[in-house]
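**Q** Protein chains in written order, with the UniProt record's numbering: chain Y, 1 to 123; chain H, 1 to 508; chain Z, 1 to 319; chain S, 1 to 102; chain P, 1 to 483.
What the hints contain is simulated information worked out from the structure, not anything from laboratory work. A portion of the hints provided could be inaccurate.
Said to hold, decoys possible - Pairs of lysine-lysine, DSSO-like flavour, derived with a Cα cap of 27 Å:
| # | chain 1 | residue 1 | chain 2 | residue 2 |
| --- | --- | --- | --- | --- |
| 1 | P | K153 | Y | K118 |
| 2 | P | K153 | Z | K298 |
| 3 | Z | K72 | Z | K58 |
| 4 | Z | K72 | Y | K116 |
| 5 | Z | K30 | Z | K62 |
| 6 | P | K474 | Y | K118 |
| 7 | Y | K118 | P | K296 |
| 8 | H | K459 | H | K380 |
| 9 | Z | K62 | Z | K72 |
| 10 | Y | K118 | Z | K298 |
| 11 | H | K505 | H | K188 |
| 12 | Z | K298 | Y | K117 |
| 13 | P | K99 | Y | K116 |
| 14 | Y | K116 | P | K150 |
| 15 | Y | K117 | P | K154 |
| 16 | P | K73 | P | K153 |
| 17 | P | K150 | P | K357 |
| 18 | P | K99 | Y | K117 |
| 19 | H | K188 | P | K474 |
| 20 | Z | K58 | Z | K73 |
| 21 | P | K34 | Y | K117 |
| 22 | Z | K73 | Z | K62 |
| 23 | H | K368 | H | K380 |
| 24 | Z | K30 | Z | K73 |
| 25 | H | K158 | P | K296 |
| 26 | H | K505 | H | K427 |
| 27 | Y | K117 | P | K153 |
| 28 | H | K158 | H | K368 |
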Amino acid sequence: MELGVYFTNYIYVIVFMLLGVALPVGALTFGRLLRPNNPYDRKLSTYESGIEPEGDAQVRFHVAYYIVALEFVIFDVETVFLYPWAMALGELGWVGLNGGLIFIAILGLGLAYSWKKKVLEWN
Amino acid sequence: MIANILTLLVFLPLAGALLIFTIPNENKNVIRSIATATSLVALLISLIVWANFDRGASGLQFAQLVQWIDIGFLQLNYEIGIDGLSMPLLVLTTVVTALAIFASFSIENRVKEFYIWTMVLLTGMLGVFVALDMFLFFLFFELTLIPMFFIIGIWGGKEKVYASFKFLVYTGLGSAVMFITFIVMFFKGAQASGEATFSMIQLAEVFANPANPEVLTSGVRAALFLALFVAFAVKLPVFPFHTWLPNAHVEAPTAASMILAGVLLKMGGYGLIRIGVGIFPDQATRFALLIAILGVVNIIYGALLALVQTDLKRLVAFSSISHMGIVLVGIASFTASGMQGAIFQLVSHGFISALLFFMVGAIYERTKTRTISELGGLSKSVPVLAGFTLAAAMASVGLPGLSGFVSELLAFIGVFGASAEILPAAKTIGVIAGIGIILTAAYLLWAMQRTTFGPMDEKYSGLPDARPLEYIPMIGLLGFSILIGVYPNILSDVINITVLDILSKIGG
Amino acid sequence: MDLIWIILYAVILLGALLGAVTYAILFERKVIGYMQVRPGPNRHGPWGLLQTIADVMKLLMKEDIIPTAADKKVFILAPVIAFVPSFAIFATIAWSENIYGADLNIGVLYFIGISSITTLGVLMGGWSSNNKYSLLGAIRGVAQVISYEIPLVLSIIGVVILVGSLNFRDIVFYQQEIGMWLIIPQFLAFIVYMISAIAELNRSPFDLPEAESELVSGYHTEFSGFRFAFFMLAEYVYAIAISALATTLFLGGWLGPAFLPGIVWFLLKMCLFMFFWFWLRATLPRARVDHLMGFGWKVLIPLALLNIVITAIIKVWMG
Amino acid sequence: MVPVELFLALGAILFCIGLYGVLTRRHLVIVLVCIELMLNSVNINLIAFSSIGPFANITGQVFTLFVITLAAAEAAVGLAILIALYRNRESIDAIKQDLLRW
Amino acid sequence: MSAFDANWSLMTPEIVLLCLALLIFTIDFMTGIKGSKPFLGRLSIISLLITAILVVLTNNVSGNIAQVFIVDKFAMIFKLIILVGVAFVITISMHYLEKNSDVYQGEFYSLLLFATLGAMIMVSSADLITLFVGLELLSISSYCLAGFKKRNKKSTEAAIKYVILGGVASAFILYGMSFLYGLTGTTGILEIGRDLGALYDQYPFIIMMSLLFMLVGFGFKISIVPFHMWAPDVYEGSPTPVTAFLSVVSKLAAFGLVLRMFIIAFGSIFDEWSFLLAIFAALTMIIGNFIALTQKNVKRLMAYSGIAQAGYLVVPLATTLTPDITMSIIAFYGIAYVMMTLGAFAVITLVTESAGKEDISSFNGLYYRSPFMAIAMTVFLVSLAGLPITAGFFGKVYIFIGAVTGGMIWLAVIMIATSIVSFFYYFGIIKQMYMNEPNENDEVLNPPLSLSVMVTVAVTVTLFLGFFPGLVTKYFNSFHWFF
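All chains, full assembly: derive it from the sequences and hints.
**A** Below, the structure is given as structure tokens:
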């Protein structure tokens, strides 16, 4: 049964993931037996180069980070389309090529736009 | 020339409006002259029509039919024509409007707009009286709405905005009901005859055809007729749809009040006779009692309220309501004289109420008050104005020799002669209506007594009397009233055959 | 029955990876040491072979500190989230013609998809620590990783166009078929891939998120003991994975002269890449953050797009 | 074989959770996330139909690709607007966005 | 027929518009982002006109691309309406942007063009996927446009509300679509329409649910009650030309979508949804008109007015008529709606930008300040109110007659009754213009030539269609609307 093979492959994936979880859990549990445990306030305080931590650390980020995130979302999702296209290009022929090139051209235009708008400049 | 004369008449004022539009604001006198000239030409044309009207022929004259809009299942025609019913009203419209324009020379602000709107209004009113296609009728009916809204709203008195909106919404609602009814009639007609038309004449035939009982059941006809009645009742106005009228009349500028009372109300009565009775004669007779009772209520209610008014213009406004009741009673009698009385009343009230409003306006212009108790002794300070006011009041009361008398007399003859099948309690109704007439005499005479006679207030001593220009509307309107009063044949000549036509449908 | 084999395969691979990471770290320290003309670790065991093991033991016995200000649940979860995907990637790597785990038809996509989850672990770690350095480090790290992920992903598309499949084995078979490693027709893609891979791995010269001089230790400042170890482990496992991917995509996977078995060729090529990473670290200074971001967006992405266009045209042209 | 109804139920549950979140949450980022959840429930439906539906074919998966993309685009725009909003108002609490009321 | 041997030339207008939009976009960022760029506005208008010409030229024959993209009379008329509408919106924008220099002009125009493209794809699509892509292209561009004044608190708030509710609406539409796909195994609207009748006997509940979900989503997009809550907020906050765009182009395009979806895909189960739509239409007309009465902000007022107008537009869809007649009615009203609403928005933009506030009182004494604009506005408002002799009047008459023909007299009566209610607020503005004195600091308005020309065109068409509706309707009646 073809579906069987198909799913077997994913059983690999699941096993790997479970093992991946098991290792840190096991190691940390095992480590508990070995390691000392002597917490006190000073030790548990946040590290801030030795001085008293000041204010909340979860501060606002510079807006550039958001913009990078947005750019990423756009371009990353665009690649979602490029993968199937790339795979099937052999059969799609010229029609497929034209479509893809238009797509990439628009993508490139978007990139040029953000470039020109200085979104890509850090600071 | 004669063939297209109605079209010319209807759209002439519109052309005048366009001409005025091109004149700069500052040239007030030029604008006034154009408006006057236009209205006078319109008057002239209407008189030509009057002269050429074949008094002996039944049916429509000067008819014209042009296909206008064709939307597949919906054909609209530009179908116009007049008969004895619309002829007098056409002349009434041109006369009152022309005289109202004379009366409006005192308006100084935004003259251009005023005359543009007046001209548009004139087109609308004339259109209503000549339209034979119901859709066209509706269009013209609506066309009167916007100009009047503006005229009341811009040039009106203190409460002008309230009054204009009340006018807009009431009459708008009336139009909506009318429109819905028209469309339903259109569909029912199409269902019955297979031919989709808005033509009043064709529809009248379709609806009169007894071969269409399944589609046009008595219930459907009754509903349609009542809906039409409500629609026109707003305009006429019939109690309880009358509340817009006092506001609108009181707040409107003199000229607009004249047109409003003189012509606009007549559109309601005209519509009722033309479409309501014309297409649903059987239903009209069926509801004759209802119409008559409403008419009586109108008469009494209007008169009673007029009795307690302190504001002269308001009093005149309520007298209009009262007088319109007579139209209803006249129609409800379904006799030749009753119907004639109704039409006579429409015309005669057009002249008289216009005159009354003009007089009130003229007095107000001088004394700056309309409160009855503050006036007094006007006959001493402004004898000519007081005289004409008195004459107008007398005409309104129905003094013999004036038009009011003729119409009331005809209506009463009609009521008392009505067949018992159609109008059961005719005599009672007649008597109660008669009481209403007495009340009319009471409030008008009382008001006259308090305003024109009595001791003269010192502050009114130096008031100027009628200006030459004011003589034109005064004499004109009173003249027509007297003319009809002493020579009613001039009108009944024209009306007669049409009235008989209408009555013949009732099968009486 | 199958399941047992699968588990066995996974366990063996895990063991191998742990060993590989252990010695990769040693390898790195040695390589850099020699390059800087010093011996590197040499006290524990012959040539310092036991150095990393000692380090691991030390980490295992370190006290486990979770700062009071930290968001405890996320803090505990973060290293696991960072490690699991980097290990799960290996489920699909084909070591040789016959040694492979999941033979996924979407292998490359799986690789890319799973590997980007690691970023989440980094972000969670940085954020949950409630420490300014950690947060800044994490944010910077994420910004860098996602910026370079795009050219990385785009560069692979060139290969996909040529091969017409996302399966790792198909990719290698294709190279066998045309008798050429894809590094030759896809040289541009290879360059883009290499550079973005370095940034993806947060390795020098793009190791800004961990810039000790500026941010103490980046996102894992507050992590200690084995929690810290798992971040490090994830990093190295990921480095191996990227090397394995590069090997498959560009260097013909297990292909090589027949005197050595395929898997050995594969591992050798992987080691070459590993060495390359370490070499760079010893050689190049750290890049400036604005240069870094600008480079990715303004140079690598256009280059990758250009590569796709050229490859696509050639592919269709050739039929 | 897993019946398609189970996937549909999962989709429905996700959709409801998303809708509930949109309606009740005050933090606008979470609201946006909930919208994503709703869109993903659609994806589950489509994929389920596409693989084990009564008329299983590839179209559903293609549709899913588009949904994912457009969801991402929408999220991107939503977040961008959110940033602008935050800069203007110093708050992304849904309840506090009340300049526009009648 | 597959996509490979399809007649792609059918898509010429869209492709050309895309290229031109990208060109404008490129020119914009190549010439620096900021600064006044009226030439881009002019270029955009020219692009739209070119596209409009192409739309007419390529629509001689009906055709389709792989059953995904359809070209028929329906698409043609809607595209023309959309293109003309956008051209008007851009004319308004050019004036607006001159007054608001903080807005990035080129982006504004190109976003408008992209949105237009989305709208065009929407009305031409015959596949759920294409349809959805078009819808989102339009929606996402609109979200950006709504928040275009990014330093303005109201604008960003409007945008975020729009994004959230738009997103939810999209989710609803998609959720409904997913079931439709699942049951039929296809996303082609024509095929769905063919299969649905039979399937409905089998799965009435699921199909009804799918339909309801889509109705909710589409209801949001065309802002019918009870899914209208976003519209007033978004309309008020958005820059005025964007409000115009949303209330006209966006709404009509979404409406085109609804029509194609309901007439073609759900046509075979008409009886199941027509009454529901009728109720929605009635609610929309009633609530839209009544709430509009209380509005003091002119854009908000136009929003409620737009909601009410959407109600009128739904009426023909809910009545039993042949699709061709339904379409004639809607198309006629659509044209009238574009002309009167955009004309009104042109005047509103002029007035509010000069006054610096959006209160209705900014219309005080407009007649003294610019008689032409006041008269034009009067024509538009009278048309919106549905009084003769204007395009709006005949549009309503047409709808009304359609409703009566279709046997929904009660709906027709509600329509007329609510029209009367609308007199209050439309004439309220007229009152401000004619019966109030101008505000203290208001000066004489000097509209730019382009705006005057646009308003003139709108007035002319509004009046012309009022006098001679037959010319257009005769043409429409000769159509076979759907492919």
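**Q** Does each hint fit the structure? Answer for all of them.
**A** Cross-check of the supplied hints:
In summary, the hint linking K153(P) to K118(Y) is supported, as the alpha carbons are separated by about 25 Å, within the 27 Å threshold. For a cut-off of 27 Å, the pair hint linking K153(P) to K298(Z) is broken: about 34 Å separates their Cα positions. For the given pair, K72(Z) sits about 24 Å from K58(Z) by alpha-carbon distance, which is consistent with the 27 Å threshold. Proximity of K72(Z) to K116(Y) is assessed by CA-CA distance (about 43 Å); at most 27 Å being required, the pair is judged violated.
The hinted pair formed by K30(Z) and K62(Z) meets the criterion: a straight-line CA distance of about 25 Å does not exceed 27 Å. With a C-alpha separation of about 55 Å, the suggested pairing of K474(P) with K118(Y) is violated against the 27 Å cut-off. Using a Cα cut-off of 27 Å, the hinted pair K118(Y) and K296(P) is violated, with the two alpha carbons roughly 42 Å apart. At most 27 Å may separate the alpha-carbon atoms for a hinted pair to count; K459(H) and K380(H) meet this at roughly 12 Å.
The straight-line distance between the Cα atoms of K62(Z) and K72(Z) is roughly 19 Å, inside the 27 Å bound, and the hint therefore holds. For the given pair, K118(Y) sits about 11 Å from K298(Z) by alpha-carbon distance, which is consistent with the 27 Å threshold. The straight-line distance between the Cα atoms of K505(H) and K188(H) is roughly 20 Å, inside the 27 Å bound, and the hint therefore holds. At most 27 Å may separate the alpha-carbon atoms for a hinted pair to count; K298(Z) and K117(Y) meet this at roughly 13 Å.
Annotation: proposed proximity of K99(P) to K116(Y) holds, straight-line Cα distance about 25 Å (limit 27 Å). Using a Cα cut-off of 27 Å, the hinted pair K116(Y) and K150(P) holds, with the two alpha carbons roughly 20 Å apart. With a CA separation close to 25 Å, the supplied pair K117(Y) and K154(P) stays within the 27 Å bound. Note on K73(P) and K153(P): the hinted pairing is violated, with a Cα-Cα distance of about 43 Å set against a maximum of 27 Å.
Annotation: proposed proximity of K150(P) to K357(P) holds, straight-line Cα distance about 18 Å (limit 27 Å). Annotation: proposed proximity of K99(P) to K117(Y) holds, straight-line Cα distance about 23 Å (limit 27 Å). At most 27 Å may separate the alpha-carbon atoms for a hinted pair to count; K188(H) and K474(P) meet this at roughly 24 Å. In summary, the hint linking K58(Z) to K73(Z) is supported, as the alpha carbons are separated by about 25 Å, within the 27 Å threshold.
Between the alpha carbons of K34(P) and K117(Y) the distance comes to roughly 10 Å, so the proposed pair stays at or under 27 Å and holds. Distance check on the hinted pair: K73(Z) and K62(Z) sit about 20 Å apart at the alpha-carbon level, within 27 Å; holds. In summary, the hint linking K368(H) to K380(H) is supported, as the alpha carbons are separated by about 17 Å, within the 27 Å threshold. Proposed proximity of K30(Z) and K73(Z) is contradicted: the alpha carbons are some 38 Å apart, above 27 Å.
For the given pair, K158(H) sits about 23 Å from K296(P) by alpha-carbon distance, which is consistent with the 27 Å threshold. In summary, the hint linking K505(H) to K427(H) is supported, as the alpha carbons are separated by about 24 Å, within the 27 Å threshold. For the hint linking K117(Y) to K153(P), the alpha-carbon distance of about 23 Å falls within 27 Å, and the restraint holds. As the CA atoms of K158(H) and K368(H) are separated by approximately 13 Å, the hinted pair is consistent with the 27 Å bound.
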